[in-house]
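These protein sequence lines map, in sequence, to chains A and B.
Quick note on my numbering: the first sequence kicks off at 1 and runs consecutively.
Quick note on my numbering: the second sequence kicks off at 1 and runs consecutively.
Derived by calculation from the structure, the hints in this document are not laboratory data.
Just to be clear, a hint being listed does not mean it is correct.
[What the hints assert, rightly or not] Reference excerpt, derived from the structure (chain B facing chain A, CB under 10 angstroms, subset only): (1) Arg-217; (2) Gly-221; (3) Ala-238.
[What the hints assert, rightly or not] Selected chain B positions facing chain A (Cβ under 10 angstroms, derived; list incomplete): (4) Glu-97; (5) Trp-98; (6) Lys-101; (7) Gly-133; (8) Met-134; (9) Ala-136; (10) Gln-206; (11) Tyr-216; (12) Ile-234; (13) Lys-237; (14) His-247.
A virtual CB, placed ideally from N, CA and C, is assigned to each residue, including glycine.
There are 2 protein chains.
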Amino acid sequence: MTRLSTRLITGVAIAFLAATSARASDPLPSWNAGKSKQAILRFVEDVTTQGGPDYVAPAERIATFDNDGTLWVEYPMYTQALFAFDRAKELAPKHPEWKTKQPFKALLEGDMKTVGASGIKGLLEIVIATHSGMTADQFADEAGAWLRNTQHPRFERPYARCIYQPQLELLQYLRDNGFTTFIVSGGGIAFMRPIAEEAYGIPPHQVMGSSVASEYRSKDGKSEIVRLPKIGFIDDKAGKPVGIYEHIGRRPILAFGNSDSDMQMIEYTTAGEGRRLGLFLHHTDAEREFAYDRKSHVGTLDEALEDAESKGWIVVDMQNDWKTIFPAR
Amino acid sequence: MTRLSTRLITGVAIAFLAATSARASDPLPSWNAGKSKQAILRFVEDVTTQGGPDYVAPAERIATFDNDGTLWVEYPMYTQALFAFDRAKELAPKHPEWKTKQPFKALLEGDMKTVGASGIKGLLEIVIATHSGMTADQFADEAGAWLRNTQHPRFERPYARCIYQPQLELLQYLRDNGFTTFIVSGGGIAFMRPIAEEAYGIPPHQVMGSSVASEYRSKDGKSEIVRLPKIGFIDDKAGKPVGIYEHIGRRPILAFGNSDSDMQMIEYTTAGEGRRLGLFLHHTDAEREFAYDRKSHVGTLDEALEDAESKGWIVVDMQNDWKTIFPAR
Chain A
1 MTRLSTRLIT
11 GVAIAFLAAT
21 SARASDPLPS
31 WNAGKSKQAI
41 LRFVEDVTTQ
51 GGPDYVAPAE
61 RIATFDNDGT
71 LWVEYPMYTQ
81 ALFAFDRAKE
91 LAPKHPEWKT
101 KQPFKALLEG
111 DMKTVGASGI
121 KGLLEIVIAT
131 HSGMTADQFA
141 DEAGAWLRNT
151 QHPRFERPYA
161 RCIYQPQLEL
171 LQYLRDNGFT
181 TFIVSGGGIA
191 FMRPIAEEAY
201 GIPPHQVMGS
211 SVASEYRSKD
221 GKSEIVRLPK
231 IGFIDDKAGK
241 PVGIYEHIGR
251 RPILAFGNSD
261 SDMQMIEYTT
271 AGEGRRLGLF
281 LHHTDAEREF
291 AYDRKSHVGT
301 LDEALEDAES
311 KGWIVVDMQN
321 DWKTIFPAR
Chain B
1 MTRLSTRLIT
11 GVAIAFLAAT
21 SARASDPLPS
31 WNAGKSKQAI
41 LRFVEDVTTQ
51 GGPDYVAPAE
61 RIATFDNDGT
71 LWVEYPMYTQ
81 ALFAFDRAKE
91 LAPKHPEWKT
101 KQPFKALLEG
111 DMKTVGASGI
121 KGLLEIVIAT
131 HSGMTADQFA
141 DEAGAWLRNT
151 QHPRFERPYA
161 RCIYQPQLEL
171 LQYLRDNGFT
181 TFIVSGGGIA
191 FMRPIAEEAY
201 GIPPHQVMGS
211 SVASEYRSKD
221 GKSEIVRLPK
231 IGFIDDKAGK
241 PVGIYEHIGR
251 RPILAFGNSD
261 SDMQMIEYTT
271 AGEGRRLGLF
281 LHHTDAEREF
291 AYDRKSHVGT
301 LDEALEDAES
311 KGWIVVDMQN
321 DWKTIFPAR
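If we strip away everything but chain A, and leave its shape as in the complex, we get (with noise of 0.2 angstroms):
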């Protein structure tokens, strides 16, 4: 027997054995058995199903997830804040200006309620001083190391890996449908796309999300994409389907959010032709995660939560919904 035809055999086998394990067990185990995973496996059986009324060819399946709250933790502060606050920190002694500067003097002074009351134009300040000024891969080496080392104080676990387990069977289970799988998020797309590929199976040329400006330079034989203190794209609200327009080019099948901001994601996506689906996560669970929404300002879930019946969104429940939150540590 040739070496050639030896692996070919062992390949059927565990194929085998992976088709029919595949069929007895449950593609969804951490999803409880109700109203949600139903309506997932149906979708997915009817878009899938050769020859049936519902059938998409798998280059049109495509699935959009947004990422703060939908897949990893967001409460009760984004984890790229509290990036952007320990790069602050860490950057201070390059900045004495800060010193006398809001919201860095505040935050420098641990001071979070001034902080939070410079809003959505002091965060976004204090993300852009701490998003540019270095090159692609620098910031790319910062925010991935952040991102495994930095342990959440609750969750005992790094921040990489505060994220859904019910989600990571739920990427896996499309993928394995001949689904693409796409994060398009309100979120720093260079912060994200570090860890997506180890955290969700997700490679960065299928992340979306907000980025700054950047620019080429090219000097003495190196090469590089530096950063610039500027706005680039904001990929939330009615950014999301231009975002999804301008990146993946078709539109999506199925959508996953949480809150407000996805609203337009899930709209687009169940205003096409032919089956779609749109799911909100309901953070319904302050035991084992958070319970939050329509008056949170973090990842607000209101007119979305009102509108989903009569649009036909499914609301997954955390709580009743899921049967583990994280994955094992």
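Since chain A is already given, all that's left is putting chain B on it; use the hints.
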């Protein structure tokens, strides 16, 4: 025997035959033996040899290709400009002001000399006027239909098939070796996407190019992307590495272009650490396609041709390196 195991055994037989024939046969049959072909085969072998000094993990095997003049014909006039001219003639009844406004007036009168004299600025005006003011889906339908149905006068095939057979083989060969293949074009992203999958096997989300701005509009249950009469991004020259950063998020290890507009992309690619390959297609074949380089206004290849040897870039000579130019009709 179960249906599943019958299918698996058929699968094995096919896989076995495919593996055997892939080993026996040439993956680049339309490439003549020579330095260019050797450099490509050697590079792919080196980066895919596990344990070898130049091994690159599959996730990092990013290959980027320019489109105009690299994957399809661009001479003597970019295909997209021809489309814009045809569209302008079609739209003219709705734009009575074009009868007196240049360069539209000249275009409608068939006075291409005046159109040409209006330069890039005039051309851009025509492109913007014909590429905006409709939904994304409408534009995709129009561009796709034009490319599939408009015959190239000399090559007697639709423009969508004025693509280079040796490059189709190279794209497939790279994908067969674990590469992800991307288009990084100065041309319009939305113009190429409708045919990129059927022409090159490249899905829309792996196509980058220049764009007009767009916005999301939702009304009466209809949710659409609308194309605006305003430049969004110019994916050319130093814009190419920026576009690659924003869209792919990884530095390519192989890049293929044909003009000075591709220099920054190829410089960015080959300046990376480890084994890299940069290639330029030199149009040297007046008989089977076209011969042009330093003095051409379309696809100028001057500086890159000068620098290629010292930078280790491969200059592919169309006349000598390519056995055939186009795929069978």
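Okay, the hints, checked on the actual structure:
The interface hint given for Arg-217/B is met, as the beta carbon of that residue sits about 9 angstroms from the closest beta carbon of chain A, less than 10 angstroms. With its C-beta approaching chain A no nearer than about 7 angstroms, Gly-221/B sits inside the 10 angstroms limit, and its interface hint holds. The interface hint given for Ala-238/B holds, since its Cβ lies 4 angstroms from the closest Cβ of chain A, which is under the 10 angstroms cut-off. The beta carbon of Glu-97/B is not positioned within 10 angstroms of any beta carbon in chain A (closest approach about 29 angstroms), and the interface hint is therefore violated.
Taking 10 angstroms as the C-beta cut-off, the interface hint given for Trp-98/B is violated, the closest approach to chain A being about 28 angstroms. Because the beta carbon of Lys-101/B sits about 30 angstroms from the nearest beta carbon in chain A, more than 10 angstroms, this interface hint is broken. Hint status for Gly-133/B relative to chain A: violated, with the closest Cβ pair at about 16 angstroms, above 10 angstroms. Interface restraint check: Met-134/B against chain A, minimum CB-CB distance 13 angstroms, threshold 10 angstroms, status violated.
For the restraint placing Ala-136/B at the interface with chain A, the shortest Cβ-Cβ distance is roughly 5 angstroms, inside the 10 angstroms limit, so the hint holds. Nearest Cβ of chain A to the Cβ of Gln-206/B: about 7 angstroms, under the 10 angstroms cut. The hint holds. The closest approach between the C-beta of Tyr-216/B and any C-beta of chain A is roughly 4 angstroms, which is under the 10 angstroms cut-off, so the hint is satisfied. At about 13 angstroms, the closest approach between the beta carbon of Ile-234/B and any beta carbon in chain A exceeds 10 angstroms, and the interface hint on this residue is violated.
Taking 10 angstroms as the C-beta contact cut-off toward chain A, the hint placing Lys-237/B at the interface holds, the least distance being around 9 angstroms. With a least beta-carbon distance of about 6 angstroms to chain A, the hint placing His-247/B at the interface is held under the 10 angstroms criterion.
Hint compliance for this structure: hints 4, 5, 6, 7, 8, 12 are broken, all remaining hints hold.
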